Structures are given as C-alpha cells and as structure tokens.
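Trainee: Sequence:
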Amino acid sequence: MSVKKYIPNFITLLNLFCGSIAVVFAVHNNFIATAIFVFLGIFFDFFDGLLARKFNVQGPLGVQLDSLADMVTSGLVPGIVMYKLIAMSMNIPEMATETEWSSNLTLDLSSISMIPLIGLCVTLASAYRLAKFNIDEDQQSYFKGLPTPANTLLIISLPLIIEFQNSGIFNALISNQWFLIAVTVACCYLLNSNIKLFALKFKNFSFRDNTFRYALIVISILLLMLFHFVAIPLIIVLYIILSVIKNLTTN
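Okay, so the sequence shown: first residue is 1 according to our numbering, each after it adds one.
Treat the hints as calculated values from the structure; they're not laboratory data. Check the hints yourself; a few may be wrong.
[To be verified] Below, a list of computed lysine to aspartate or glutamate pairs in the EDC-like style, where the Cα atoms sit at most 16 Å apart:
| id | residue 1 | residue 2 |
| --- | --- | --- |
| 1 | Lys-246 | Glu-163 |
| 2 | Lys-196 | Asp-136 |
| 3 | Lys-196 | Glu-137 |
Remember, it's a predicted structure, so these values are computed and weren't measured experimentally.
Using the sequences and the hints, build the whole thing.
Mentor: So, in structure tokens, the structure goes:
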C-alpha cells in the first residue's frame, strides 16, 4: 500500500494539531503565539488538498477530516479570540479557576458575563458554513460566502494590530465592544452569505483568465507593505469587492 495515500491526511492532522495549540494560547491571552499557530494551521490546510490532488488520493475521509481540522483552527480559535477581545474591551476579569484539583463540582454562573459570549457566535457560524460546504457540490470554482480561513485571518489580525502597530485610532476602535460585536455579526453573515467569491486556485496562468486573482495578489502585497497587519482586514474587504465586480461583469 502506497505511503502517498496517507500524506495528505497527515498534513491535515498537522493543521488540527496547530489549531489545538492555538486554542491553548488563545485561552491564556497569548495572541501572538495564537496567530503563529493559526498561520501554520492554514498553511497546512492549503497544502493537504494540493497534495491530495497531486497524488490522486482524494476521498471522502480526507474531505471530512479537513472540515474537522478547519472547525478547530478556523472555527473555534477565532471564536475564542473574539470572546477574549470583547471581554477585554469591557474590562471583565478572567473567570476564576482553581489552582488545585478539586473533587467538588462548583459552577458560579454569576461570574460569567453573557455579552462576551457573543464572540463565540463566530464558532457557531463557522460550523454551519463548513457543514453547508460539505454537502454543496456547486462550490468547485468559487466559494459561497467567506471561507473560514479568511475569516480567521481577519479576526486574528485585530489583536496583532494592537500589539504591533500601536496606533491610537486603531487601538481605540478595536478596544470598543460595539465595534467588536459589529465585526462578529458581520463575520457570521459573511460566512453564510450567498455572495460568490472566486477561488484562488489557478487552473492556468493566463492573465485573461486570472485578472481578478492577479489584481488581488498585487494589491494585497502593496497593502501589506504600506499598512502591515492593518492590511489584513483591508485585503478581506478587497477580496469581497473584487468578487462582486467579477460576478457583475461575467454574468
């Protein structure tokens, strides 16, 4: 039995492993380490499908495993990050945790604020989006709604902007609970919207067939050079705008 058959699934498991580590760091407010492992997870997520096609070992197991891995890296992690950001914006203290193992089961619901839990709606919307994707046979050359990795990059960029760009305007905006709640609602909508977004896979390198892909790549590079982490949300918005223009000009 060929070893090649197992390589794509192993890469997918590396995505899941990185996502699981990112969860641990996100829970402990270490957003830089969270971002590093999310980036690694998305990197592996890109290559597992590529290798499966190259080795011609695509199958239903790989499809399901890929979605389960994405659910952690690009579903659970951004939900936790958004929960944490909203809690921080409201100056809500961390939930009390026992320092030693206790056999007594205690649950103090009064210590849990409900508003930051809105951030976990990102996780719910991601799960719904992934489930729909698994049963939708039309999304071969395009995405219907924002892909979960793109949504994750958008959310994970918010604490990085605060950490590295140190701009009073951006810090104030990202530290505003209503802005964060609005971003949460927008992300949940975009994940499950019917907006057709072009896939980034190149079937050939013809400029005519890939005009919008090349435009996205070039403008994204320029935005990253100029705005650094602030460029990530801008690139996601650009991706949506270019997709809408493509839909209008090709239909």
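Trainee: Could you grab the alpha-carbon distance between Lys-196 and Glu-137 and see if it respects the 16 Å cut-off?
Mentor: 14 Å, holds
Trainee: Would the hint linking Lys-196 and Asp-136 be met if the CA-CA limit is 16 Å?
Mentor: The hint holds at about 13 Å.
Trainee: Hint check: Lys-246 vs Glu-163, CA-CA at most 16 Å. Holds or violated?
Mentor: 35 Å, violated
Of the numbered hints listed earlier, the single one contradicted by the structure is hint 1.
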